[in-house]
Amino acid sequence: MRGDAAMFDYSFAELSSILVMQGFAGLILFSVFVLMALGLAIIFGQMGVINMAHGEFMILGAYVTYLTSHLFTEFLPFAYPAYFFFAMVFAFIVAGALGLFVEWIMIRHLYARPLDTLLATWGLSLILQQIFRSTFGAREVGVELPDWMMGSLNVTDTIEVQINGLFVMGLTVAITAAVLVLLFKSRWGLQVRAVTTNRIMSGAVGIDTRKVDRMTFGLGCGVAGVAGAAFTMIGSTGPTSGQLYIVDTFLVVVFGGAQSLLGTVASAFTISQSQSALEFFISGSMAKVITLLIVIGLLMLRPQGLFVLKVRR
Amino acid sequence: MASDDINEKTGLTSPLRRQLLKGMAAVPAMAAFGGAARSSFAADGVNTTGLAVSDTEVTVGILHSVTGTMAISETGSVQAEKLAIEQINAMGGVLGRKIKYIQEDGASDWPTFAEKAKKLLVNDKCASVFGCWTSASRKAVLPVFEQYNGMLYYPTFYEGLEQSKNVIYTGQEATQQIIAGLDWVVKEKGAKTFYLLGSDYIWPRTSNKIARKHIENFQKLEVVGEEYFPLGHTQFNSVINKIKLKKPDVIYAIIVGGSNVAFYKQLKAAGFDLENKQTLLTISVTEDEILGIGGENIVGAYACMKYFQSLDNENNKKFVEAFKAMWGKDIVIGDVTQAAYLGPWLWKATVEKAGSFDIDKVAAASPGIEFTGAPEGYVRIHENHHLWSKTRVGRARKDGQYDVVYETADLVEPNPFPKGYQ
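For the record, the sequence lines run as chains V and R.
If you're matching positions, the first sequence starts at 17 in the working numbering and goes up one per residue.
If you're matching positions, the second sequence starts at 34 in the working numbering and goes up one per residue.
Some hints could be false.
DEER-style ranges, computed between Cβ atoms [what the hints assert, rightly or not]: (1) Arg318(V) x Asp157(R): 52 to 58 angstroms; (2) Leu317(V) x Arg238(R): 30 to 36 angstroms; (3) Tyr181(R) x Leu278(V): 55 to 61 angstroms; (4) Leu317(V) x Ala169(R): 33 to 39 angstroms; (5) Asp436(R) x Phe94(V): 31 to 37 angstroms; (6) Phe28(V) x Ala442(R): 46 to 52 angstroms; (7) Met122(V) x Ala169(R): 32 to 38 angstroms; (8) Gln289(V) x Gln455(R): 36 to 42 angstroms.
Listed next, the stretches of chain V that the computed footprint assigns to chain R, with coverage defined by at least 3 CB atoms under 8 angstroms from CB atoms of chain R [unchecked claim]: (9) 156–167; (10) 174–183; (11) 254–260; (12) 294–300.
Note that these hints are calculated values from the structure, not bench results.
Fair warning: this is a prediction, and the values are worked out from it, not measured in the lab.
Backbone N, C-alpha and C define an ideal beta-carbon position, used for all residues, glycine too.
Can you make the complete structure from the sequences, with help from the hints?
Next comes the structure, spelled out in structure tokens:
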């Protein structure tokens, strides 16, 4: 190790602190991926609907955050430092409500036709983009954050930990836990799992499968909205910003195995760690290429993804 | 900031209303068009190739993306071109003819750009076209303009390595934007080491290549890293760690689009203090981009451009005032927006010097055309169809504007095929 350090002209302390920060960068990326993919995984996994408008639901959350920040500066300036928490709640409600509406007007008519939902939700994404553009303008909007969320904590002289990174990590843990509890401990979760495993039989024993579907779709969209709100800390908010996240999101969900939330988490971890480590040693573009190649290779060996839930068909 | 959304709204509705009014006004004009076409003797002398020129009107095209990803960037250019056209018309038009524009949407899609360019030239017979933004869209329309002999005024700073009889480049080519900025940062900040960053496509790659050649071969200094990221990349923590390790004197960033926002937010969160400790020089962040990034995230960074909204001269004061009067008081004006504004004015001057709308005559008359009313000061068209213009360095303020900290003493010669830089 000492030899390596000398070779690169860096001190051991410098290298080890970078190693720590690099590990932390990987964890942030991991949290971001989980947060992005969670909503999609719920919808895709439980209902088999591929929601191409997922990115737009996220950006809806980001715009809600933007509006909330203005609302607080105008009317409740004293509560401004805490506005972000309200923004996330609003984002969940607005995106979730839109999700429920979309399910009612569009998705429910297309359940037996997966390819048609793909096309319909893609159309929906275009419609939403244009609505954002007409409402908020074609330019990106700047979402201001309270001061306490910016900057970094100095753990030691050389190790700095980003506050917004910590925030995203905490949020990811909280939301993942909430979703898992909802799915595995609540009565509604039991119904969702029953419908996923065997839709017809669930209907026969008296579960209202349509209602379960609608709530699931709404929940997935709501979670996407919260993710979008959180991403105002690290990314841009514009009509087409949702497109920036969609590829990574699908990558994580497909690689993880479509019907397993655990798979989603595991795949987010694998992809984020390999990408973040590769980016440190080679350039950003090449890191992406190699990450994609690894994923493709693994999917060829294991087409069903990392984890798979047993489903009776 | 507080009323951005509202102003964007008025910014959109007022041109719409204007367009509707214009559309209504065009109805009687269309009825008269048959007559005008028959009695177009007067137009013959200034128009021997069948362009859409009547005794009272000349038709031009505006070709930008107003939908899709690039709408973010191109909106400003459309606004500037419309303002210039309106002002020229208020002054009596070009050769006594009012300018009428046909606007087409390239929709951020390069084949669409080519198709619409063909429509503007072949069907509409536009006497000139103001448009395109990305190099990809320009490359897509270039063969169309050369085949059907049209005239394109292209506003964006770009990588150079191109020159066409049918294009006037009103933005800077790469050497104009890069070299003066690097010289300044070395002289002023005593910079010795550079870390080059860019989005992964032709403009940042070519620009960084020129920057690297200049740093290594001419300034004899050191580049300690060079990295590219896919367009739309949103995670920069790994590279930020690398920068922390290498401790470059200057971060030289050419990141574009949504990635820009992510990069500066994450840089700030990682504890980089652009105001006091770290020098960062960019050629891809104008006042337009800062709207999305947020002034508080980029304050202290240096940008090398030819125009900043805060430029203190009479032309610019009038321009900014007129722009705000037309498009809303909170609007910002970036480098490319100003370059787009030059297009119609340069075309007017050229047509009046040539005494004709014919493309060949306009192309031939272009070199040497001056525009003293330019918001950036004074510009002149070079033989190679690029502009002589000054290069400036600005420092980002918290309110999203730049303080101009340096400008070249003389106009910088455009050099799209720089020797020793390829």
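Taking the hints in turn, this is what the structure says about them:
1. Arg318(V) x Asp157(R): 52 to 58 angstroms: Cβ of Arg318(V) to Cβ of Asp157(R): about 56 angstroms, so the range 52 to 58 angstroms holds.
2. Leu317(V) x Arg238(R): 30 to 36 angstroms: Cβ of Leu317(V) to Cβ of Arg238(R): about 35 angstroms, so the range 30 to 36 angstroms holds.
3. Tyr181(R) x Leu278(V): 55 to 61 angstroms: Distance hint for Tyr181(R), Leu278(V) holds at roughly 60 angstroms.
4. Leu317(V) x Ala169(R): 33 to 39 angstroms: 37 angstroms, holds
5. Asp436(R) x Phe94(V): 31 to 37 angstroms: 33 angstroms, holds
6. Phe28(V) x Ala442(R): 46 to 52 angstroms: 49 angstroms, holds
7. Met122(V) x Ala169(R): 32 to 38 angstroms: 34 angstroms, holds
8. Gln289(V) x Gln455(R): 36 to 42 angstroms: 39 angstroms, holds
9. 156–167: holds (count 7)
10. 174–183: holds (count 5)
11. 254–260: That given contact holds, which follows from 6 residues of the segment 254–260 of chain V lying within Cβ reach (below 8 angstroms) of chain R.
12. 294–300: Holds, because 4 residues of the segment 294–300 of chain V bring their Cβ atoms closer than 8 angstroms to Cβ atoms of chain R.
Hint check: no violations occur; every hint is consistent with the structure.
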